[in-house]
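Trainee: Sequence order for the protein chains is A and B. Going by the working numbering, the first residue of the first sequence is number 1, and it counts up by one from there. Going by the working numbering, the first residue of the second sequence is number 1, and it counts up by one from there.
What you were told as hints is all true, and nothing was included just to trick you.
So the derived list for chain B, only partly shown, Cβ under 7 Å to chain A, looks like this:
| id | residue |
| --- | --- |
| 1 | Asp11 |
| 2 | His14 |
| 3 | Asp18 |
| 4 | Glu20 |
| 5 | Ala45 |
| 6 | Trp46 |
| 7 | Ala52 |
| 8 | Arg56 |
| 9 | Tyr57 |
| 10 | Val60 |
| 11 | Val65 |
| 12 | Leu69 |
| 13 | Leu71 |
| 14 | Ile74 |
Cβ pair distances, simulated, as ranges:
| id | chain 1 | residue 1 | chain 2 | residue 2 | range |
| --- | --- | --- | --- | --- | --- |
| 15 | B | Pro139 | A | Arg68 | 40 to 48 Å |
| 16 | A | Gly183 | B | Asp11 | 22 to 30 Å |
| 17 | A | Glu73 | B | Ser141 | 54 to 62 Å |
| 18 | A | Arg68 | B | Asp11 | 30 to 38 Å |
So, partial list: chain B residues that the calculated Cβ filter (under 7 Å) puts toward chain A:
| id | residue |
| --- | --- |
| 19 | Ala50 |
| 20 | Ile53 |
| 21 | Ala61 |
Bear in mind the hints are in silico, worked out from the structure with no lab data behind them. Keep in mind it's a predicted model, so treat the numbers as computed, not measured. A virtual CB, placed ideally from N, CA and C, is assigned to each residue, including glycine.
This is what each chain is made of:
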Amino acid sequence: MAGPVFDFSTAAASRTTGAMAGKDFGNGRLNSFRNGVEAAIPALRRYARALTRNSETADDLVQDTLVRALRSEHLFHGGDVRAWLYTILTNLNRNRLRSLARRPVMTLIGEDDAPDMSGPEAGSRDIERALASLVDDQRAALLLVVLEGLTYREVAEAQGVPVGTVMSRLARARAQIRAYLDGERPALRRIK
Amino acid sequence: MTDRDLPVAEDELHAYVDGELPPDRLAAVEAWLSTHPQDMARVAAWRSLADAIRARYGVVATERVPARLSLRQIERAGRSWRGIAAAAAVVAFLVGGLAGWMARGASAAVSGAAATLTTDALDAHKLYVVEVRHPVEVPGSESAHLTQWLSKRVGYELRIPDLEKVGLKLVGGRLLPGPHGAAAFFMYEGKSGERFTLYSTRADGPDTALRYNAAGPVAALSWADGAVGYVVSGEADRDRLHRVAEIAYAQLERAPAR
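Construct all of the structure, not just a fragment, from the sequences and the given hints.
Mentor: This is the structure we're talking about:
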């Protein structure tokens, strides 16, 4: 593991919880499932926030994920609860986008544009927009790897695709963001 | 040839950044990067992108989790929701019984898909019945063309019910987006200008009996038959709406679905 890139403190913490939970037996199983779900909530919120870039929508998504998870506990056959929760959330988000697609939300183009692009907020605005410029599946793949610290294999399971597809989604996401940032910045500087 | 001499593919650069590189390739990739500044720059850019994403969203995981997301809350809400659903089913049963139309005697549980369909239909109804000059795309005088066109778009054979018996004339129809593709929308008008609409689109749920849904001054009766959903919307005068829907239902039931 090289450098700060792999320092996912929260992800690592909930992974530990998952591992410990796995060692529970008998009566402990139910509680360990519940504990695993509970421990994952902060990370699910983080992922959902980055995925939707809207805190209300994100928390709705997490809530639906938790409802679904508790209701279908019998479908969970061990393993990493966290990865399973990401799978549920990813699917719910896909359904959400599908239903949104037929009632588009209108956003004003150029709304809160250039003036915000200076100062300490500039970097985070850049990131939000760069993420927004991605195709949904690419954004999800990138965030699951980079923000949530899932392995390629776990992302493949969450997205229901082969590992090779995850890798090409990642590559395309990174290329797209780079092109976006390269193309966008000079123009915005000119406006300033 | 040793591992060191194999050219490094882009996949490996991503894997390197994401900690997915097999250990036996690590030295080779690092050696490659030391002599390929362009790749090195890409790797650095990907890393700083990752840092920026974590800097922007990492803090969310340290925020206090809102009460509505606590498991205790969710478990409690789940229980009370089931209670409400059961109570609603009982009420629907009683109301349906009193009104004298427990059509086909199917269960009163409303599935999410059916609810979406009805909401869409009611939205369309409210939007277009107030339209004076352009209520429809194709006028009722061209009903043959209308049937053919919309059947083609929704992907199953449509039939436009004749509602003269209840004093309604076909104004015309239009194409709308539905939950699973295109939807057909027909408008009828009565003597005093009152309007009723019929909305039809593919429905992925099971067949259902007639269901009543009121939304303020307008109401809808919906049903699903052979993977096709129908919603008749109109004024919230239940008896009139019921008569309209029954006649439409009788004519559409005979229509070959799909």
